[in-house]
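Student: Chains as they are written, first to last, in our numbering: chain A, 21 to 134; chain B, 21 to 134; chain C, 21 to 134; chain D, 21 to 134.
By construction, these hints were calculated from the structure, which means they are not laboratory data.
Computed from a predicted structure; not experimentally measured.
Hints are supplied without guarantee of correctness; some may be wrong.
[Unchecked claim] To give a feel for the contact side, a few chain C residues facing chain A, derived at Cβ under 7 Å:
id	residue
1	His-41
2	Ala-44
3	Gly-45
4	Arg-89
5	Ser-90
6	Ala-91
7	Tyr-93
8	Asp-122
9	Asp-123
Glycine is no exception: its CB is placed at the ideal position from the N, C-alpha and C atoms.
Protein chains: 4
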Amino acid sequence: MPTDAEQACFEAGIKFGSLYHQFAGTPVSPASADSLGRAMEESIENQPHCVDVDVDVRTDRIAEELADRSAEYTELTGRFLDVEMRIRYADVSVRTRMEMEDDYPLMKLVSVEE
Amino acid sequence: MPTDAEQACFEAGIKFGSLYHQFAGTPVSPASADSLGRAMEESIENQPHCVDVDVDVRTDRIAEELADRSAEYTELTGRFLDVEMRIRYADVSVRTRMEMEDDYPLMKLVSVEE
Amino acid sequence: MPTDAEQACFEAGIKFGSLYHQFAGTPVSPASADSLGRAMEESIENQPHCVDVDVDVRTDRIAEELADRSAEYTELTGRFLDVEMRIRYADVSVRTRMEMEDDYPLMKLVSVEE
Amino acid sequence: MPTDAEQACFEAGIKFGSLYHQFAGTPVSPASADSLGRAMEESIENQPHCVDVDVDVRTDRIAEELADRSAEYTELTGRFLDVEMRIRYADVSVRTRMEMEDDYPLMKLVSVEE
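Next comes chain A alone, as it looks inside the complex (with noise of 0.2 Å):
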């Protein structure tokens, strides 16, 4: 049977897919960026586990790749996002962290706890 802490740490796996992939792809713009990030904490805390999430749709990313474009919002993706997230199951606490590596949006386990 897997434990505790494999479990906490599976918990926390589905809701960092299941925000990444629900929001991929949606337009967004600097002025666009707060809502954006506010729904996408809002509906993954729905989820069974999920104690919180801190998403920063990073304003300041997303003003530099359109500086260097024809339209005036582009698509979420990785390089914009900054989430933190806290997961429990029974008495295990999951810190999750997504942050680029190299080009990469790379989704980490940060701590486990019981």
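Put chains B, C and D on the given structure of chain A with help from the hints.
Tutor: Here is chains B, C and D on its own, set in the frame of chain A:
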């Protein structure tokens, strides 16, 4: 060559398909409905020729569905959405609406005016 | 009342927005491009008034992007897609295409014929 | 530091959340179920540490739903999916499965083996 009115209607359809398929499946509860609706509005308003998007995520229908279920949230789908949009292309204004027709969320052209 | 040609163009737009925003963000590699393209075609062809969808997931452009990256896959986005669709509403046939215009994946009405 | 088993379970969860929220809402009929299932398998198998994904899009349940409806297709959701995955991280193998529990598509850890 397509007319301006035809172009306007094509653009209106793009917005509707985008809104629906970007956000269908999002975890939603009565408490998170407002932030989701606002993000839907602001993200689609980024798209070209889109003047205004009004989304009402129907908390009454979500609550009704959840009354019979074990979970405390559900997935966003057409019957939880009332949507109206205004599109402008050249001198043509298009109004569109999504509403349930029997069990199908029908996207409709309401008016095309030059 | 909207004309049949306007309705046909609206329907054509819905299909394009649906296809793009349902599948944008999907993990894709040269090896998985074919199955993804086929699923995109067959899923959108389910929608009303949709006669034919032709999707080419551009393995050449995916391979080119991956040449510079640490990952072995990327996310589906507009520059990896060539799409053509035919829509029929009442007696009107509409042809549409998506192609890159500068750095933006432009969805275009090609022809509207009664 | 998280153990290899915890990392493996986290990775397994990511794949499940990704698969579900990338493809939920896709138009699907009995005729298009096979191509959709195959695209889901091949796209998620691109992700790191993912050994095998097996998706059965349940044409029997889709047909049953459509029997009562006016439309000839529906949207992909959990009750139309049987999914099994194998993940390998370092020396740990994880098996996962999604199945309906009452009305909720529960994603489960089946085994964690070193």
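Student: Each hint: holds or not?
Tutor: Checked hints:
1. His-41: holds, 6 Å
2. Ala-44: Because about 3 Å separates C:Ala-44 from the closest Cβ in chain A, which is inside the 7 Å limit, the hint holds.
3. Gly-45: C:Gly-45 check passes; min Cβ-Cβ to chain A is 3 Å, inside 7 Å.
4. Arg-89: holds, 5 Å
5. Ser-90: holds, 5 Å
6. Ala-91: Holds - the Cβ of C:Ala-91 comes within 7 Å of chain A, reaching about 5 Å at its closest.
7. Tyr-93: violated, 10 Å
8. Asp-122: holds, 5 Å
9. Asp-123: This hint holds: C:Asp-123 lies near chain A, its Cβ roughly 5 Å from the closest one there, short of 7 Å.
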